[in-house]
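Visitor: These protein sequence lines are chains A and B, in that order.
Mapped onto this note's numbering, the consecutive letters of the first sequence carry residue numbers 1 to 417.
Mapped onto this note's numbering, the consecutive letters of the second sequence carry residue numbers 1 to 492.
Keep in mind that the hints were calculated from the coordinates and are not lab data.
Note that beta-carbon positions come from the ideal geometry of N, C-alpha and C, so glycine has one too.
One or more of the hints may lead you astray.
Unchecked claim - Straight-line C-alpha distance at most 27 Å; calculated DSS-like pairs for lysine-lysine: (1) A:Lys119 / B:Lys329; (2) B:Lys248 / A:Lys206; (3) A:Lys176 / B:Lys409; (4) B:Lys369 / B:Lys276; (5) B:Lys130 / A:Lys323; (6) A:Lys176 / A:Lys236; (7) B:Lys248 / A:Lys176; (8) B:Lys248 / A:Lys119; (9) A:Lys280 / B:Lys130; (10) A:Lys308 / A:Lys24; (11) B:Lys130 / A:Lys236; (12) A:Lys206 / A:Lys119; (13) A:Lys206 / B:Lys409; (14) B:Lys264 / B:Lys329; (15) A:Lys308 / A:Lys206; (16) A:Lys236 / A:Lys323.
Stated by the list, open to error - Pair ranges (Cβ atoms, derived): (17) B:Ser442 / A:Arg225: 49 to 59 Å; (18) A:Tyr238 / B:Gly298: 14 to 24 Å; (19) B:Arg290 / A:Gly286: 21 to 31 Å; (20) A:Phe223 / B:Arg326: 45 to 55 Å.
Said to hold, decoys possible - Rough simulated footprint, nothing fancy, chain B against chain A, three-plus residues with beta-carbon under 8 Å: (21) 22-34; (22) 97-105; (23) 171-185; (24) 232-244; (25) 263-276; (26) 302-308; (27) 339-352.
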Amino acid sequence: MQRPSLLQSLKTALQGKEVIYQKKRADYSVDGVEAGVVVMPGSVEEAASVVEAAGREGASVVAYGGGTKMGMGNRPRGVDVVLGMERLNRMVDHQPGDMTATFEAGVPLSEANRRLGEKGQWLPLQSPMPERATIGGILATAYSGPMALGYGLPRDWVIGMRVVNADGRVTKSGGKVVKNVTGYDLHKLYTGSLGTLGIILEATSKVAPRPQVSRTLVARFGFCREALEASRGLLKDYASPQALVVVNGVVGNLVGLGDGWTAVVMVEGRSVGVETRVVKAREYLGERMEEVDEGIWQRLVDMPWREKDGPTVCVRYNVTTSKVGEAMESAGAEDGVIVDVGMGVVRRLWWMEGDISKNDLNMVAGRGEWVVERCPPGLKEGIDVWGEAASVELMRRVKAKLDPKGILSPGRFVGGI
Amino acid sequence: MARGYGLVRKPSIFKKLETVVGKGYVISHPDDLLVFEYDGSIDKAVPQAVVFPVSMEEVRRVVAVAQEFDVAVVGRGSGTGLSGGAIASAGGLQVALTRMNRILEMDVENRLAVVEPGVINLQLDEAARKHGLRYAPDPSSQRACSIGGNVAENAGGPHCLAYGVTSNHVLGLEVALEDGSVTWLGGRTRETVGYDLRGVFVGSEGTFGIATKAVVRLLAAPPSIKTYMAVFRDIESACEAVSSVIGKGMVPAAMEMIDALTIKAVQNLHDMGLPKDAGCVLLVEVEGLREEVEEMGGEVEGVLRKSGSREVRWAESAAERERLWRARKGALGALGSLAPNYYLVDGVAPRTKLASVLRQVSEISERYKTPIANVFHAGDGNLHPCILFDEREAGSVERVIEVGGEILKVCVEAGGSLSGEHGIGLEKKAYMPLVFSEEDMSVMRLVREGFSPSGRFNPGKIFPGGPMDGDDIDVRAMQKRAVSVAGPGAHV
Ligand SMILES: Cc1cc2nc3c(=O)[nH]c(=O)nc-3n(C[C@H](O)[C@H](O)[C@H](O)COP(=O)(O)OP(=O)(O)OC[C@H]3O[C@@H](n4cnc5c(N)ncnc54)[C@H](O)[C@@H]3O)c2cc1C
Ligand SMILES: Cc1cc2nc3c(=O)[nH]c(=O)nc-3n(C[C@H](O)[C@H](O)[C@H](O)COP(=O)(O)OP(=O)(O)OC[C@H]3O[C@@H](n4cnc5c(N)ncnc54)[C@H](O)[C@@H]3O)c2cc1C
């Protein structure tokens, strides 16, 4: 939807800078909703001007990182302005001795890690398509891969942020030091808020030394139960791995692991410790354990989002380790299953011919906390892809305070926020 | 909106509170209240009443009563926060959580515990150790401080260098909000759906609501630990050693610094094995699998020697290790052997700037002719300059406050921050503008209004200005009183 007065306002706000792209509108549609106008700010000030102008017009603003994750969330109520982050792509600061780094939101994860790698450090986060997925997008979605078991979630790494708020003000929280209790940790609130509370312009995070060695082990089991038991055993040990997932044959065949239930284990660290951890892993996984190339991790992480042969529907459950079995109970032979045992994240994947119904979806969602991470846009009408979250009322209140006009990614988040 | 609360006593509230928590669990007599006007060593303010609920349900109803009578409410754990957080605005209610001290669940398989807010940090850790697990955040006050207080202050400790602060270990919080409702923020899993409300609640210094339960993560206890003591000529070379260790890609479990003045204080009291002639001592702890500890320990030792340490020793026995930690954790108390009073500053600097920040601290010390002892968490740049003084000397308190302010400015200028662990509370709120603009703070205030529209919880804290006792308080005066009562052993 195009709004002439909005366009005029934006042009005025940006003082003739050529960062407004009307031709790109179709490329930046969100869940089938075409963007009204696409703006690519190259600086904090430009980004702020855009949001400020949009706010005055009551126009909705949706941030766009690498675009790898725009299918996530409920259908937007409006996409008047897409705020593309691709020109906000600088490494602002890296202090190897302090183990901190600051990036603009549009820096892709792999680029961030290439830069940090020059000094033997990294940001141990995983994302599908790391060469496209941006720091801002990863934080906005709080996306975490299996390595979160050993390294923690995005929220555990961010120590400060600069955002543009709904009224166009640029504000910050946190700072650049690893220990800090000065003011509220608003960056925790922005992390995972899907661009509904503010648009992340810059994030400062802790970074870690790269591990000396990394080894990936797999073991196949005939039954799901055996694979889960072995995994739980291994997790109890102090020498537990940095990542551990179990996949079924449906997923296994797509990523090159083959039939049956496969446990995939990552052990990293100093070589002496890794030796011990490998020996430990064998105690639980048995003689069938073998070593494979670490490339398997990216294939696993990408799998649910693959465009070519990816699933039609992907539902994520958050449960405790002891409940992962239950969360998989109704899985059929055709369904894909990826279980992160230690994190308690279960992903179930469906490849459906034609349309799937809301009934199907309800059936798969079931009890507990779940999110439909991927599904055809048509199916989103009338359901909340976020399932049930605790304290939705409080979330609404926070949203109403920070974005009273509801212009930031309206409708996409929990409870239609 | 932040607003003022009157000093007016409202006796009818006492009856109402008694119907909630029972007779005997409401303190309202002015004499009895005096005990509760303190928080650690910081400031005084007499609450209208102190209430001791025993359950979430009672907390919820107490908060509802506060709403009905329109009075302020502040949670109180163990009262060890050093920034004035737990004292009530006069006329407010203090909700003391000491009776809510049960560990409700120790879920070994899922490595988590569900606890009431009054549980003491060390108790939780000890309970976890019985299962080969640990609760990682270990503030030096862990024998006394409560999990609720830790949550409110986002507490850290020596070992948070490797394991992170409280925020990294809280999965879920059950909280009572001002309208008397109770809600869960987060739950029992690490990933959750929706806004990370638990993340922003942690560290909110009691201004959002009262935590009535916490679900915390437990980690596996390490099979092997090695504690090193390295002796340096001066604090600068010790700081450089810290940077070199980190620069080599090693993150020890803890790196703690004790300077010459502090060593003297400690050794004055007991022989804790610290070399009296040292310029500075660095404690470094390495944890993990036995072979990892051996190897990394060896490398750490090498780096320490190369960075100019004249002697590197390690604790041969558990008892010796215990002694080194006692020297560290008891260091502040020992300062009493040097001066009648001290004032602890809690600032943070980027690790690589520690040496230069400490150089400036020592210049400040000379300029003001005031001795400053340093004992701190070097690994994460959280310094604790302790300004020694004698409150009986005219003008000493004013001087100390100025010195504290100068040090914080130096920290902030170096890219650091105002507090690493004790919070802003009342004590440091005047300094907030050094770090945050009015706009930054206004967004924080908005979030607070989202949680607590009336601002009833812990009004007058964190943000400069605002109500406390119904008037704008003079923070400077508060600090002055805080400093003057900060006698030896006030915080250890
Ligand atoms: C084809 C494909 C589909 C995927 N689908 C899903 C999925 O459904 N669920 C899932 O969990 N992961 C999904 N992923 C994973 C996704 O790659 C990662 O989560 C990644 O972090 C997204 O980053 P991005 O830069 O591509 O973000 P984008 O896709 O550009 O944006 C993701 C969300 O974050 C918001 N956002 C982006 N930048 C900012 C910013 N700077 N400030 C505030 N908000 C911002 C956007 O408005 C949007 O809502 C998918 C990946 C691929 C390749
Ligand atoms: C000797 C000593 C050493 C210390 N060392 C460290 C250290 O190494 N690391 C560190 O981080 N801190 C340290 N501290 C500071 C202090 O111990 C911590 O801030 C601690 O977390 C406070 O806990 P408490 O139970 O005493 O809280 P209190 O002082 O009672 O309260 C602190 C704040 O928390 C709020 N609060 C308490 N309970 C709740 C609840 N259930 N819900 C909501 N709000 C609540 C109060 O309103 C107040 O604002 C030290 C203090 C001392 C005295």
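Visitor: If a hint holds in the structure, say so; if it does not, say that too.
Guide: Now the hints, each set against the structure:
Simply put, Lys119 of chain A and Lys329 of chain B have alpha-carbon atoms about 35 Å apart, too far for the 27 Å limit, and the pair is violated. Pair hint Lys248 of chain B plus Lys206 of chain A holds up; C-alpha atoms about 16 Å apart against a cutoff of 27 Å. Using a Cα cut-off of 27 Å, the hinted pair Lys176 of chain A and Lys409 of chain B holds, with the two alpha carbons roughly 16 Å apart. About 23 Å separates the Cα atoms of Lys369 of chain B and Lys276 of chain B, which keeps this hinted pair within 27 Å; it holds.
Taking the CA atoms of Lys130 of chain B and Lys323 of chain A, the gap is about 24 Å. The hint holds against a cut of 27 Å. Among the hinted pairs, Lys176 of chain A with Lys236 of chain A is inconsistent with the structure: their alpha-carbon atoms are about 35 Å apart, more than 27 Å. Simply put, Lys248 of chain B and Lys176 of chain A have alpha-carbon atoms about 21 Å apart, close enough for the 27 Å limit, and the pair holds. This hinted pair checks out: Lys248 of chain B and Lys119 of chain A have alpha carbons roughly 10 Å apart, not beyond 27 Å.
Taking the CA atoms of Lys280 of chain A and Lys130 of chain B, the gap is about 23 Å. The hint holds against a cut of 27 Å. Proposed proximity of Lys308 of chain A and Lys24 of chain A is supported: the alpha carbons are some 24 Å apart, at most 27 Å. Between Lys130 of chain B and Lys236 of chain A the alpha-carbon distance is near 14 Å, which keeps this suggested pair within the 27 Å criterion. For the given pair, Lys206 of chain A sits about 14 Å from Lys119 of chain A by alpha-carbon distance, which is consistent with the 27 Å threshold.
Proximity of Lys206 of chain A to Lys409 of chain B is assessed by CA-CA distance (about 23 Å); at most 27 Å being required, the pair is judged to hold. Taking the CA atoms of Lys264 of chain B and Lys329 of chain B, the gap is about 15 Å. The hint holds against a cut of 27 Å. Proposed proximity of Lys308 of chain A and Lys206 of chain A is contradicted: the alpha carbons are some 35 Å apart, above 27 Å. In summary, the hint linking Lys236 of chain A to Lys323 of chain A is supported, as the alpha carbons are separated by about 16 Å, within the 27 Å threshold.
A hinted range of 49 to 59 Å holds for the C-beta pair Ser442 of chain B and Arg225 of chain A, which are about 55 Å apart. In this structure the supplied range 14 to 24 Å holds for Tyr238 of chain A paired with Gly298 of chain B, their Cβ-Cβ distance being about 21 Å. For the pair Arg290 of chain B and Gly286 of chain A, the beta carbons lie near 24 Å from each other, so the given range of 21 to 31 Å is met. As the Cβ distance of Phe223 of chain A to Arg326 of chain B is approximately 52 Å, the hint placing it in 45 to 55 Å holds.
Evaluation of the coverage hint for the stretch 22-34 of chain A: breached, as 0 residues show C-beta separations to chain B shorter than 8 Å, against a requirement of three. A count of 4 residues in the stretch 97-105 of chain A with a Cβ less than 8 Å from any Cβ of chain B is obtained; the coverage claim is therefore met, three being the minimum. By the rule of at least three residues with a Cβ nearer than 8 Å to a Cβ of chain B, the coverage given for the stretch 171-185 of chain A holds, with 14 such residues. Interface restraint, the stretch 232-244 of chain A with chain B: holds (6 residues with C-beta to C-beta distance below 8 Å; minimum three).
Check result for the stretch 263-276 of chain A against chain B: holds, 6 residues qualifying (beta carbon to beta carbon below 8 Å, three or more required). Counting residues of the stretch 302-308 of chain A whose beta carbon lies closer than 8 Å to any beta carbon of chain B gives 0, which falls below the threshold of three, so the coverage claim is violated. Only residues whose beta carbon comes within less than 8 Å of a beta carbon in chain B count, and the stretch 339-352 of chain A has 3; three or more means the coverage holds.
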